[in-house]
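Trainee: Chains as they are written, first to last, in this note's numbering: chain L, 1 to 674; chain Z, 1 to 313.
Note that these hints are calculated values from the structure, not bench results. Quick reminder that beta carbons are idealized off the backbone N, C-alpha and C, glycines included. Do not rely on the hints blindly, as some may be mistaken.
What follows is a list of derived Cβ distance ranges for each label pair [said to hold, decoys possible]:
#1 Z:LYS53 to L:ASP562: 53 to 61 Å
#2 L:ARG381 to Z:THR252: 18 to 26 Å
#3 Z:ALA67 to L:TRP272: 47 to 55 Å
#4 L:PRO532 to Z:LEU286: 51 to 59 Å
A short list of chain Z residues far from chain L (calculated; beta carbon distances all over 12 Å) [claimed, not checked]:
#5 GLY3
#6 ARG35
#7 PRO39
#8 SER75
#9 ALA172
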Amino acid sequence: MASGHFLLGVMLAAYPVGALCALGVHGVVGRGLVAGCALVGALAGLVLGVVCLAAGLAPTFTAPLLPLTGIALRIDGLSAFFLIVIGVVGAAVAVYGFGYSAAGEGRYALRLLGAMLNVLLLSLSVQVMADNALTFLMAWEAMSLSAYLMVLTEHDQPGTVHAAHWYIAITHAGFAALVAMFFLLSAGDLTVSFAAMRSASLTPTVRDAAFVLALVGFGAKAGIVPLHVWLPLAHPVAPSHVSALMSGVVIKMGVYGLLRVTIDLLAGGPTWWGGLVLGLGTVSALLGVLYALMEHDLKRLLAFHSVENIGIIFIGIGAGLMFQSYGLTTLATLGVVGGLYHTINHACFKGLLFLGAGSVLHATGTRNMEEMGGLIKRMPRTAFFFLIGACAISALPPLNGFASEWLVFQALLGGSAIPQPEVAVIMPIAVAMLALTSGLAAACFVKAFGITFLAIPRSPEAEHAHEAPLTMQVGMVSLVLMCAGLGLAPFAVVRVLGTAVSGLERFSSADVGFTLGLPLRVPGAVGEMSPPLLALGLVLLVGLVPLGFWIAGADRRRRTADTWGCGRIGQTARMEYTATAFAEPLRRVFAELYRPSKDLSIDFHPASKYFVQSIEYRSEIHPLFERVLYDPLLQVLGTAASWIRRLQGGSVHLYLTYMTIALLVLLTVARGWR
Amino acid sequence: MIGYVLEVTQAALALLLAPGLVGLVRWMKARLQNRRGAPVFQPYWELRKLFQKEVVVSNNASWLFRATPFIVFASAVAVTFLVPILAVPLPFDGVGDLLVVVYLLLLGTFFLALAGLDPGSPFGGMGASREMTVAALAEPTIALAIFALALSAGSTNLGQIVARTMTAPGAALSPGHLLAFGALFIVTLAETGRLPIDNPATHLELTMIHEAMVLEYSGRYLALIEWAAAVKLLIFFSLLGNLFVPWGVSVTMTPSTLAIAVASLLAKLVILAGVVAVLETRIAKLRLFRVPELLSVSFVLALLAVTSSFLLR
Chain L
1 MASGHFLLGV
11 MLAAYPVGAL
21 CALGVHGVVG
31 RGLVAGCALV
41 GALAGLVLGV
51 VCLAAGLAPT
61 FTAPLLPLTG
71 IALRIDGLSA
81 FFLIVIGVVG
91 AAVAVYGFGY
101 SAAGEGRYAL
111 RLLGAMLNVL
121 LLSLSVQVMA
131 DNALTFLMAW
141 EAMSLSAYLM
151 VLTEHDQPGT
161 VHAAHWYIAI
171 THAGFAALVA
181 MFFLLSAGDL
191 TVSFAAMRSA
201 SLTPTVRDAA
211 FVLALVGFGA
221 KAGIVPLHVW
231 LPLAHPVAPS
241 HVSALMSGVV
251 IKMGVYGLLR
261 VTIDLLAGGP
271 TWWGGLVLGL
281 GTVSALLGVL
291 YALMEHDLKR
301 LLAFHSVENI
311 GIIFIGIGAG
321 LMFQSYGLTT
331 LATLGVVGGL
341 YHTINHACFK
351 GLLFLGAGSV
361 LHATGTRNME
371 EMGGLIKRMP
381 RTAFFFLIGA
391 CAISALPPLN
401 GFASEWLVFQ
411 ALLGGSAIPQ
421 PEVAVIMPIA
431 VAMLALTSGL
441 AAACFVKAFG
451 ITFLAIPRSP
461 EAEHAHEAPL
471 TMQVGMVSLV
481 LMCAGLGLAP
491 FAVVRVLGTA
501 VSGLERFSSA
511 DVGFTLGLPL
521 RVPGAVGEMS
531 PPLLALGLVL
541 LVGLVPLGFW
551 IAGADRRRRT
561 ADTWGCGRIG
571 QTARMEYTAT
581 AFAEPLRRVF
591 AELYRPSKDL
601 SIDFHPASKY
611 FVQSIEYRSE
621 IHPLFERVLY
631 DPLLQVLGTA
641 ASWIRRLQGG
651 SVHLYLTYMT
661 IALLVLLTVA
671 RGWR
Chain Z
1 MIGYVLEVTQ
11 AALALLLAPG
21 LVGLVRWMKA
31 RLQNRRGAPV
41 FQPYWELRKL
51 FQKEVVVSNN
61 ASWLFRATPF
71 IVFASAVAVT
81 FLVPILAVPL
91 PFDGVGDLLV
101 VVYLLLLGTF
111 FLALAGLDPG
121 SPFGGMGASR
131 EMTVAALAEP
141 TIALAIFALA
151 LSAGSTNLGQ
161 IVARTMTAPG
171 AALSPGHLLA
181 FGALFIVTLA
191 ETGRLPIDNP
201 ATHLELTMIH
211 EAMVLEYSGR
221 YLALIEWAAA
231 VKLLIFFSLL
241 GNLFVPWGVS
251 VTMTPSTLAI
261 AVASLLAKLV
271 ILAGVVAVLE
281 TRIAKLRLFR
291 VPELLSVSFV
301 LALLAVTSSF
311 LLR
């Protein structure tokens with residue numbers, strides 16, 4: 001694997017160089033160096049992942065790379081797959097960021113932003129290659145902190161600092177859970193290699209505890225309900241290319257970690273593990289999309305969709321874990337492969353959508369959809385790219401979102417193979433909720449695309465919007481191509497994923513009975529489909545109809561006129577349907593969950609009630625978990641803190657007394673422990 | 001080779017019959033309401049008229065508005081190649097299963113809703129919003145009905161579901177099948193914009209869903225959309241007819257069985273059209289915010305269908 005070592009070296013060198021250049025060089029040259037180094041690193045990582053998977057080698061190589069104690073790197077199938085995910089989105093983001101961050105020149109700390117971008121990419125790559133807990137945790141913390149600093153970039157905008165606080169608090173709560181989990185797995189020595197952890201024999205109680213801690217720690221990073229609250233706050237306020245990286249890749253590290261620990265290190269567990277993951281996934285998917293529907297901040301809407309899609313990924317993985325506990329290895333592989341497939345798909349289309357939203361923000365200066373409209377004519381390319389992303393995330397065939405949701409559906413349909421009916425009946429409920437989620441996602445993206453890009457501009461900013469610069473377009477195009485490619489070649493993707501999963505112990509590739517043929521055939525002939533043929537058919541049909549018109553000599557006259565307004569002449573943007581109005585039927589249907597409150601104040605003309613001077617309408621929803629979980633929790637914390645504050649008298653003597661007492665107590669406890 | 005000929009024949013037949021099916025429902029409804037009614041062939045003449053008319057496009061609309069009729073029509077026609085209307089197994093059976101059929105139709109709805117928003121008219125926005133609401137809420141029922149069918153057939157492939165019911169006729173009367181039929185029937189009404197969810201004959205803008213969404217369309221664009229809607233009705237009717245009562249569907253591809261297949265298809269379509277006509281005469285349109293209740297009834301039916309399939313396995 002000489003090429004592997006070379007690529008690894010390039011990757012591990014490019015990011016630090018990029019970070020140093022960023023700190024040292026100002027202006028356009030600095031941004032160019034940042035983008036260039038990040039691009040080189042991301043591409044090297046991408047190629048490295050592809051090479052490792054193509055070689056089909058499970059334990060590819062061990063790199064005792066640094067003389068520094070405790071660092072150990074190793075690439076297996078799962079690492080290689082996540083290196084590809086990081087590489088694809090990282091490369092697009094690097095190129096896009098060059099153009100995007102130009103707007104912040106002289107206003108924000110661009111050098112720090114560039115440096116942190118490279119640090120983030122480096123820590124992500126190291127993390128998926130980590131072969132012991134210490135390396136993993138260090139990379140994890142570097143990832144969290146660099147993302148935190150990038151979230152704070154636009155610190156003068158309202159809400160940014162608040163969001164960053166939420167992010168860092170929940171991330172560190174999760175980190176604490178992860179440290180505890182690794183202590184349990186490694187019996188106290190964090191430098192023990194993962195291989196040793198695999199062979200360690202643990203009691204069922206310890207294994208269960210480790211699983212729950214892993215679910216909390218990785219779930220907090222992935223943004224699984226109810227630990228998702230930071231995500232819709234932090235992702236929107238970051239610069240858009242950072243949002244793309246965070247939603248596309250950083251939250252996927254929760255997925256990676258969960259897989260690494262539950263399937264690899266713990267090698268599966270009892271059925272309730274999978275059931276819990278499946279249940280949390282279902283709830284996250286549904287709540288994510290329901291809150292997204294009520295959101296009129298374009299980037300917050302996308303952030304809520306990340307919660308939804310992480311939920312879908314967890315549904316696939318949870319089903320896989322459940323099947324594994326029953327020894328149904330083929331179905332288990334199908335579920336996990338479906339989850340992983342959705343992981344890379346979501347990385348691509350959510351990255352694309354955030355970049356598209358960034359272009360809109362760049363052009364109009366606002367994230368509020370109610371002030372947009374008509375952008376399809378002013379920024380046609382961005383609009384087209386965003387449309388592709390919207391179709392993909394709505395799981396419309398033949399794009400990539402459909403292929404992976406189809407696989408997850410098929411895995412769940414296989415649930416009838418579970419011998420216990422009371423467990424098996426979970427599967428149809430998950431199927432129904434997944435279907436509802438995807439239907440609501442389609443509704444939400446009709447809103448997101450329709451209100452943002454179609455019809456008449458609703459504000460002067462939207463009226464004078466301009467197309468994004470070339471580098472930003474290049475970044476988006478690369479992800480558009482990935483969305484199409486991943487959708488059209490599911491047989492190849494599934495095969496590669498089969499290899500990635502087969503690297504894990506107790507998942508043998510022999511179980512992956514996927515054929516290379518054109519249709520995606522699922523073991524046991526559960527279902528078949530062929531996206532390339534579907535795409536071909538659709539393209540042919542879309543082309544044939546105008547051809548038929550031409551041959552039949554149909555009328556080709558076309559006239560433009562005003563939109564019909566019941567005889568009223570002159571249409572203004574105020575007559576258009578708004579995002580709030582679009583989501584109103586669903587708000588009513590799910591009112592029990594949203595608990596909407598509205599303020600309506602009408603100013604009448606003093607002379608008569610029939611002349612209205614102004615109407616003010618405000619409506620808010622009250623998110624469930626903020627209401628029932630976090631508000632009480634914060635209240636308790638606040639009370640406790642103000643109580644503890646009394647201990648702080650400000651006198652050094654008092655503090656010395658505390659220290660002495662603490663020391664004595666600790667010594668006594670330590671003595672008693674022995 | 002004969003299979004591919006059959007595919008094209010089937011798609012052509014579906015395209016040809018679809019407007020007539022809409023005309024038939026309208027005619028039966030008129031007779032039931034003591035009206036004389038327009039002839040069954042009226043929709044064909046309407047389509048012909050529309051194809052000859054000039055197109056008027058809103059000056060706010062973008063390319064998406066002009067592309068949508070073709071995408072909607074293509075998605076509906078693509079489905080006619082996948083659904084067993086006359087025979088099983090079709091050569092394109094492996095190209096798309098029941099899930100693909102559902103999501104292809106959703107593709108059409110998605111673009112139609114976008115096109116409703118494009119001219120900036122409040123009617124279009126209202127129709128789009130309502131259409132997507134109904135489509136989203138119908139989705140879990142469809143998925144569960146698919147689950148129930150797939151459970152007894154061991155596959156989501158349409159050909160396999162039909163073949164399975166044929167070889168085990170008792171399955172057609174199993175509670176799972178009957179409940180799934182009921183669920184899918186309600187969904188059919190929702191997805192094809194029939195009473196009591198939507199009124200295809202209304203001209204009061206505030207009560208309509210589909211018609212409001214396509215209000216800005218005219219000429220050949222409108223013709224394509226209307227035609228696609230008719231094809232969608234025919235697809236749902238033949239799914240109801242052939243998945244749950246598969247007899248008559250040709251399996252041997254001889255001229256005589258194909259003739260029987262065409263005859264039985266026509267019989268099933270007439271019966272279902274009659275049921276819908278009676279239903280639309282007997283019941284009034286539901287308020288929009290009562291629609292979710294009806295859809296949750298269908299959801300419960302589908303859930304019972306799956307559960308009973310599990311228990312009777």
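Trainee: Take a look at whether the Cβ-Cβ distance between Z:ALA67 and L:TRP272 falls inside 47 to 55 Å.
Mentor: 49 Å, holds
Trainee: Is it true that Z:LYS53 and L:ASP562 lie within 53 to 61 Å of each other by Cβ?
Mentor: 18 Å, violated
Trainee: Determine whether the Cβ-Cβ distance between L:ARG381 and Z:THR252 falls within the hinted range of 18 to 26 Å.
Mentor: Violated, at about 53 Å.
Trainee: Please test the hint of 51 to 59 Å on the beta carbon pair from L:PRO532 and Z:LEU286.
Mentor: 42 Å, violated
Trainee: Does Z:ARG35 really sit off the interface, with its C-beta more than 12 Å from all C-beta atoms of chain L?
Mentor: Per Cβ check, Z:ARG35 is outside 12 Å of chain L; nearest 29 Å; holds.
Trainee: At 12 Å, judged by beta carbons, does Z:GLY3 keep clear of chain L as stated?
Mentor: Fine: 14 Å to the nearest Cβ keeps Z:GLY3 off the interface.
Trainee: Since Z:SER75 was said not to touch the interface, does its Cβ keep a gap of more than 12 Å from each Cβ of chain L?
Mentor: 7 Å, violated
Trainee: Just want to verify: Z:PRO39 was marked as not at the interface with chain L; is every Cβ pair farther apart than 12 Å?
Mentor: 24 Å, holds
Trainee: Taking C-beta pairs only, is Z:ALA172 more than 12 Å away from all of chain L?
Mentor: 19 Å, holds
In terms of the numbered hints stated before, the structure departs from hints 1, 2, 4, 8, listed from lowest to highest.
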